[in-house]
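Assemble the whole structure, with the sequences as input and the hints as a guide.
Protein chains: 6
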Amino acid sequence: MKILIPIIFFIFCLLFSSSSSSQTSMFEFCVANYTAPYSPEGYSCKSPEKVTIDDFVFSGLNLPSNTNNLAKTGFRTVFVSDLAGLNGQGLSLARVDYKAGGVVPIHTHAGASETLLVLEGNLTVGFISSDNTVFLKTLNPGDGIVFPQGLLHFHVNQGNASAVAIVNYNSPNPTFQYVALSLFSSDLASRLVTAITFINPSEVRRLKALLGGSG
Amino acid sequence: MKILIPIIFFIFCLLFSSSSSSQTSMFEFCVANYTAPYSPEGYSCKSPEKVTIDDFVFSGLNLPSNTNNLAKTGFRTVFVSDLAGLNGQGLSLARVDYKAGGVVPIHTHAGASETLLVLEGNLTVGFISSDNTVFLKTLNPGDGIVFPQGLLHFHVNQGNASAVAIVNYNSPNPTFQYVALSLFSSDLASRLVTAITFINPSEVRRLKALLGGSG
Amino acid sequence: MKILIPIIFFIFCLLFSSSSSSQTSMFEFCVANYTAPYSPEGYSCKSPEKVTIDDFVFSGLNLPSNTNNLAKTGFRTVFVSDLAGLNGQGLSLARVDYKAGGVVPIHTHAGASETLLVLEGNLTVGFISSDNTVFLKTLNPGDGIVFPQGLLHFHVNQGNASAVAIVNYNSPNPTFQYVALSLFSSDLASRLVTAITFINPSEVRRLKALLGGSG
Amino acid sequence: MKILIPIIFFIFCLLFSSSSSSQTSMFEFCVANYTAPYSPEGYSCKSPEKVTIDDFVFSGLNLPSNTNNLAKTGFRTVFVSDLAGLNGQGLSLARVDYKAGGVVPIHTHAGASETLLVLEGNLTVGFISSDNTVFLKTLNPGDGIVFPQGLLHFHVNQGNASAVAIVNYNSPNPTFQYVALSLFSSDLASRLVTAITFINPSEVRRLKALLGGSG
Amino acid sequence: MKILIPIIFFIFCLLFSSSSSSQTSMFEFCVANYTAPYSPEGYSCKSPEKVTIDDFVFSGLNLPSNTNNLAKTGFRTVFVSDLAGLNGQGLSLARVDYKAGGVVPIHTHAGASETLLVLEGNLTVGFISSDNTVFLKTLNPGDGIVFPQGLLHFHVNQGNASAVAIVNYNSPNPTFQYVALSLFSSDLASRLVTAITFINPSEVRRLKALLGGSG
Amino acid sequence: MKILIPIIFFIFCLLFSSSSSSQTSMFEFCVANYTAPYSPEGYSCKSPEKVTIDDFVFSGLNLPSNTNNLAKTGFRTVFVSDLAGLNGQGLSLARVDYKAGGVVPIHTHAGASETLLVLEGNLTVGFISSDNTVFLKTLNPGDGIVFPQGLLHFHVNQGNASAVAIVNYNSPNPTFQYVALSLFSSDLASRLVTAITFINPSEVRRLKALLGGSG
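If you read the protein sequences in the order shown, they are chains A, B, C, D, E and F. Count the first sequence with our numbering and you get residues 2 to 216, in order. Count the second sequence with our numbering and you get residues 2 to 216, in order. Count the third sequence with our numbering and you get residues 2 to 216, in order. Count the fourth sequence with our numbering and you get residues 2 to 216, in order. Count the fifth sequence with our numbering and you get residues 2 to 216, in order. Count the sixth sequence with our numbering and you get residues 2 to 216, in order.
Hints listed in this document are in silico derivations from the structure and should not be mistaken for laboratory results. Any given hint might turn out to be false.
Said to hold, decoys possible - Under the rule of at most 20 Å between Cα atoms (straight-line distance), these lysine to any residue pairs were calculated in the SDA-like manner:
1. F:73 - F:123
2. D:100 - D:125
3. B:100 - B:125
4. E:138 - F:190
5. A:138 - B:121
6. A:100 - A:161
7. D:51 - E:138
8. E:73 - E:123
9. C:100 - D:195
10. C:138 - B:63
11. E:51 - A:134
12. E:209 - F:135
13. C:100 - C:161
14. A:138 - B:191
15. F:73 - F:160
16. E:138 - E:123
17. E:138 - F:160
18. D:100 - C:195
Rendered as structure tokens:
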């Protein structure tokens, strides 16, 4: 039998060889090549022979993130810019840490739905629909929520203890657009901010000063 | 020859008859049946034999819309809820009228890009990217802009005359989420509004009173 | 308070900084880089720091287009090849001018639905479904129609005055395939044209001569 | 050991039972329920417990189709209207028979690409791009072509023998729009046909008579 | 001023009222109506006025799942069949518990990518590409992996302690197809199993007995 | 009249010229440029002026493929790696030959549905759903089946004669993942194979030796 095995093996190698060229597995996954052109659909693909397990593995989400900031929250993200193997796979995640009083201010993700799962502490989370209905809930560990795609939403730690959550997106690159930063950290002229939000000019100026905006 | 034509015609009728059932053209278009179940992708389809040209035709976009309101703007929409033939076709449009000082406050469309074309007057339009860069331009008749999908944007008529624009969306049902209405026309508790926007409580209360919110 | 502001600002800058690299906003929009490779989904993206408002703004749609041609119609297009910011945004538009008797001959767009809005004059527009039903309407200013994706359609100015329309597509690059040009401006052999259309050979030759075809 | 097996089996049954309800496999496939509402994406799904292998199996493509018609061609289709299991699967196929001189006249499929494989005889096939370039080839048995989505194309059997081909689509419901039938089997007014195609009125009338159109 | 507020409010209510009907927000989210027809794209939508926050909130992922089974693993799923608000949102999640020696046998998800994040213990995880390359890693708390869409993958707890992971999918309904159950819990005839896997008939019979299959 | 034709023709050339640049037809099809970057959506596009009919035409599917191997089957594929014109078109095909006793072992295609049409001989084909139901049928010439996307399936020639089938996919690049090769031709450690499949270690070693695996 021993003598036959190499022959069988040789024959077997022909089993799935076909008239096709050898490129057929190239789109099975598309690990990001950060230095090549990218398109609306994502990065160009790294050459398959350079792909390793490390392109798919991340670490560090057991560690708290830095919450020493105004919002008292911090993120550890695993987005396609952090992990090349997410390219073209349509999902990503992050760990969020909240000190007591920490907040993720109201924001949207242009092209992604989100789930949030509370690991520690409790969080008041909410989203608002386009008819201005508020969907609000305080979540405890093991609780979670789905934020529908594109709607304004927020997280607030109203408790006295810190909190931790895992958030997931159905996009490898969920962009965050924070309302407060868009309006008050930017150089959008204060009179325009008032016109498009109805907020008093003096309050706009105060917030621009607070959040580093100009104009 | 005349005698042959009916025969040829009869034969021709068999040309494209096949072994298929007669249902093959059903998905060519899917005019909305507003009374049947609907799914994330749109309404169920009206039975093809009930479809007429009127399911595809709209009118009235030559007429100004009502601008007697706080924002001094008005819309005439042609969305899938207005025109059944838009169902499944992936686009829609509207006419917008602006009095002098009229504004379309800052808002997003969850799943749609937009183009705006100025027909009369001039409009200052802008959008903000997620790194808080402002893209701003004053447009004259014949000018226009594309608003990238999901980003906060606004229109302001800073001129002394009224203005008219045509807006188009790559969705038959572009939802509008206005930041000011989400925050100040809703029943979201004022202290939460402050927490997630950094706006002073007194200003939040003023805006809630102005815009009809509670909480 | 004044002395605190820079500190607060410094702290705030950390608010939304995360463990992510700085590439997360790259796919928020994808302005076309016309000189890089392009894929079925569109052009490669211009480097974000080179993007300006001018990549998103177009002009000139207030001006009539040239209608001194056989069809007595003219187009001013705002497609992705004209406006880089349309890349990946899924929509585009054009202005169409029609002299009295002007026509946009029967054609299809391979992957796009279309809306047409009449601004001036009146237009007879129609499309044909695959069971050879004709959907036909004469439109006046402010009227419009949706042409379902992929179906043959046409516009005819049967009035005595010129007409103007705005057309919109749910693709940044709607290709136009005109039946008459495909058959009679090409080099498709006349006998093949007859075989696949049933049009008399002499008429095929006349149309090839008229429209510049050969074969 | 024998006595242990039922116990192990009982335990194993719990292996993949979870806290989820029992509905999780419902979208694995969606066999068409022809009597329920349908949407732009396809038919509603038949209840899973009523699905059998016969929903996925077709037959008869070894048999010639009827070619006794003006075009001398015939189809046996396996579209979603013929085979419920194709619903939501994104593909379909057909067998085409051509007598000597048989033709599949110039046509488009609104939302589908196509491959054609010649089994018997030879076929001249072609498509035309939107810049009026003709892509033409005569195919022998074992040869084939891909017709890009949405473009006008045709098949002609110029040989003296009959031919057979298998065509495949990346849609479960490829609609066929034949140019000649749209123009000449419909009730589109002859003067409009002339306006939008440049074909002489007398030829339009001849073709309307031949192909059963009116107007 | 006080007397004016109701008037302003009344006027403001007209701000965003348009000529559109009131149905425009219907597709903003599509909470599953489990009793209505469903399509390849998901369930029909519950009527918006019946939607509450509870359609979007889940709980219990802090609790271990039952691991008293052959595989020594258990799942708590939050799929669309568990949480109606996930319908149409394109994502879902689950908690997985593993006793020492626990395993999630090799399996695929037909239409979903997956991320796995280890919360407790350590897990050896792997996937195999179509050229039979194994991508393997042992993960500790805070580590994770992305499993590319459609590829065979598995989790094994090779440690001496129990482990916990959170898994996320970019589908609201990720179906699980376990190789061992497909082959050995089904009624696929043993000789066919041998033919399509090369596994010895006696081993096939042993596994069928172990896993409850027949044939 | 003759003297007018050149003038009319000249004028006509302006008919469809517009204010657009000349790039508008670039995405009509996207023939693969194998040497440029590729993305999750496919290859970059070859420059249109280099595209010829030969980019769309394939041949040789009338010829049997090599079945001198362990599985007694052979493939002739027409995938995007074989035919550049399939890029972005969403479909592909292959011819399969089976000697008596030939088998296409159980496998999945990560992102593609499949149809199989028997041309010669008979084939027993089957797929298994995620609740371990087997859908099985023996097909004769002219019969066929649709394999739902992502599910495990197989073909076996149980007859005494050779068989031939045509298979089609709704992807230009259907990857094949064979269960037996993933487990036994790879270097996945035998004890892990046993853990994730329940197959006896001795049988795993036998299969690794047979199929060329290690570990």
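To see whether the hints hold, each was checked on the structure:
| no. | hint | in the structure |
| --- | --- | --- |
| 1 | F:73 - F:123 | holds, 15 Å |
| 2 | D:100 - D:125 | holds, 13 Å |
| 3 | B:100 - B:125 | holds, 13 Å |
| 4 | E:138 - F:190 | holds, 13 Å |
| 5 | A:138 - B:121 | violated, 46 Å |
| 6 | A:100 - A:161 | holds, 8 Å |
| 7 | D:51 - E:138 | violated, 42 Å |
| 8 | E:73 - E:123 | holds, 15 Å |
| 9 | C:100 - D:195 | holds, 17 Å |
| 10 | C:138 - B:63 | holds, 17 Å |
| 11 | E:51 - A:134 | holds, 13 Å |
| 12 | E:209 - F:135 | holds, 14 Å |
| 13 | C:100 - C:161 | holds, 8 Å |
| 14 | A:138 - B:191 | holds, 16 Å |
| 15 | F:73 - F:160 | holds, 13 Å |
| 16 | E:138 - E:123 | holds, 10 Å |
| 17 | E:138 - F:160 | violated, 44 Å |
| 18 | D:100 - C:195 | holds, 17 Å |
Hints 5, 7, 17 from the list above are not met by this structure, while the remaining hints are.
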